[in-house]
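Listed in order, the protein sequences are those of chains D and S. If you count by the working numbering, then the first sequence holds residues 1 to 188, one letter each, in order. If you count by the working numbering, then the second sequence holds residues 1 to 188, one letter each, in order.
Treat the hints loosely; a few may be bogus.
[Claimed, not checked] If you want the footprint, here are the derived chain D segments under chain S, 3+ residues with CB under 8 angstroms:
#	stretch
1	65 to 77
2	152 to 166
3	169 to 176
[Unchecked claim] Below, computed lysine-lysine pairings styled on DSS-like, alpha-carbon distance capped at 30 angstroms:
#	chain 1	residue 1	chain 2	residue 2
4	D	K130	D	K155
5	D	K19	D	K89
6	S	K155	D	K147
7	S	K147	D	K155
8	D	K155	D	K187
9	S	K155	D	K155
10	S	K187	S	K19
11	S	K19	D	K147
No wet-lab data here; the hints were simulated from the structure. No residue lacks a Cβ here, since even glycine has one placed at the ideal position from N, Cα and C.
Number of protein chains: 2
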Amino acid sequence: MIMNILNYAHYLLEGSIEKGETVIDATCGNGHDTLFLSRVVGSTGQVLAFDIQQEAIDQTRQTLIENNYTNVSLILDSHANVTSHLQTKDIERVGGAIFNLGYLPQSDKQIITSGDSTVEAIENILPVLKSKGLVVLVVYHGHEGGKDEMQTVLKYAMRLPQRAFHVLQYGFINQQNDPPFIIAIQKR
Amino acid sequence: MIMNILNYAHYLLEGSIEKGETVIDATCGNGHDTLFLSRVVGSTGQVLAFDIQQEAIDQTRQTLIENNYTNVSLILDSHANVTSHLQTKDIERVGGAIFNLGYLPQSDKQIITSGDSTVEAIENILPVLKSKGLVVLVVYHGHEGGKDEMQTVLKYAMRLPQRAFHVLQYGFINQQNDPPFIIAIQKR
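Put together the whole structure using the sequences plus the hints.
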């Protein structure tokens with residue numbers, strides 16, 4: 001059966017992340033993916049969850065408390081600065097990462113992820129990503145500025161060398177209203 | 001993990017076709033997919049396998065004989081004429097279908113599937129496709145005429161109403177040499 005975007009993003013990560021690994025939620029937003037990742041890595045693993053908005057960090061903290069998860073570091077900073085946070089925590093390898101590109105639902109639509117910082121973050125994650133590990137991007141692009149970011153990220157992803165990475169695009173092409181799609185980068 | 005094109009096409013069909021159903025290989029080619037489908041539907045099901053080239057029909061027959069499969073009708077005709085063959089056989093519902101768009105490997109590259117006949121075939125199959133059933137197209141487009149067919153089929157697929165069908169595009173975007181991609185149409 002064909003999975004919807006959210007289920008397929010989780011399916012890819014669940015199939016490639018092992019218990020005990022360190023993984024990254026580059027855009028924790030409402031905490032939905034952070035909670036998912038914290039379950040997948042289990043109590044011996046950890047999630048580094050980034051967001052530039054205090055509101056997102058607070059929402060995610062609340063979600064984690066309600067579900068009794070304590071294996072998450074919430075980081076109020078741009079995901080572009082992921083390298084310094086990994087170094088501070090002495091982390092040399094990550095098992096996977098997810099990005100939700102766009103704005104925080106039910107929040108200020110002016111505060112959006114940007115193509116440049118997204119690409120910078122991916123560039124910083126790929127060298128420490130484990131072999132066969134995945135960076136999954138869920139690309140929302142219907143908002144103002146969304147098309148620019150989409151083009152920047154697509155252009156970057158399409159140029160990743162095929163000897164080093166598989167880059168998959170997964171999306172529904174007969175839907176109205178700019179539906180989100182997935183770009184999944186797998187290290188070979 | 002990210003599946004390659006061939007594995008993903010089979011994964012989708014295997015997950016949606018039941019034993020005992022009638023399914024369609026719209027382009028039997030070397031018989032690889034026909035054999036796969038005949039295994040999936042089992043001895044109580046049947047495969048209608050179309051090709052416009054005698055060479056493809058012969059290759060497929062040979063493949064089936066070698067593997068002891070007898071649940072396949074080989075039809076030397078365009079898949080655009082699928083309706084009359086279904087009527088002759090009194091078949092009112094199909095469980096799924098696969099198309100490989102392009103030319104027969106190791107054969108005459110001038111003989112290719114065409115966008116118009118492909119669209120006609122899909123239009124004839126969708127009304128008899130079971131609910132939740134899939135039509136999977138593996139789109140090879142690197143050959144002469146391949147881009148035209150691709151555009152015709154994409155345009156058609158993108159216009160299928162989303163209340164009636166999910167249309168997924170699945171493909172690798174960082175590969176050289178016009179790699180094939182999948183269009184999967186699922187009846188809702």
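Satisfaction of hint between K147 (chain D) and K155 (chain S), Cα-Cα up to 30 angstroms: OK: K155 (chain S) and K147 (chain D) at ~21 angstroms, within 30 angstroms.
Between the stretch 152 to 166 of chain D and chain S, see if three or more residues pass the 8 angstroms beta-carbon test, and mark the coverage as holds or violated. holds (count 9)
K147 (chain S) and K155 (chain D): Cα distance at most 30 angstroms? It holds: about 21 angstroms lies between the C-alpha atoms, which stays within 30 angstroms.
Check the hint pairing K19 (chain S) with K147 (chain D) against an upper bound of 30 angstroms on the C-alpha distance. Violated, because 44 angstroms separates the two Cα atoms, which is more than 30 angstroms.
Does the alpha-carbon distance linking K130 (chain D) and K155 (chain D) stay inside the 30 angstroms limit? With a Cα-Cα distance of about 23 angstroms, the restraint between K130 (chain D) and K155 (chain D) holds, given a limit of 30 angstroms.
Need the status of pair K187 (chain S), K19 (chain S): alpha-carbon distance at most 30 angstroms? Holds, at about 19 angstroms.
For the pair we were handed, K19 (chain D) and K89 (chain D), check the Cα-Cα distance against 30 angstroms. 19 angstroms, holds
8 angstroms C-beta criterion, at least three residues: is the stretch 169 to 176 of chain D covered by chain S: holds (count 8)
In terms of beta carbon proximity below 8 angstroms, does the stretch 65 to 77 of chain D have 3 or more residues touching chain S? Since 0 is below three, the answer is violated.
Hint consistency between K155 (chain D) and K187 (chain D) [alpha-carbon to alpha-carbon, up to 30 angstroms]: 18 angstroms, holds
Regarding the pair K155 (chain S) and K155 (chain D), is the alpha-carbon distance no greater than 30 angstroms? Holds. K155 (chain S) to K155 (chain D) sits at ~23 angstroms (cutoff 30 angstroms).
Hints 1, 11, counting from the list given before, are not met by this structure.
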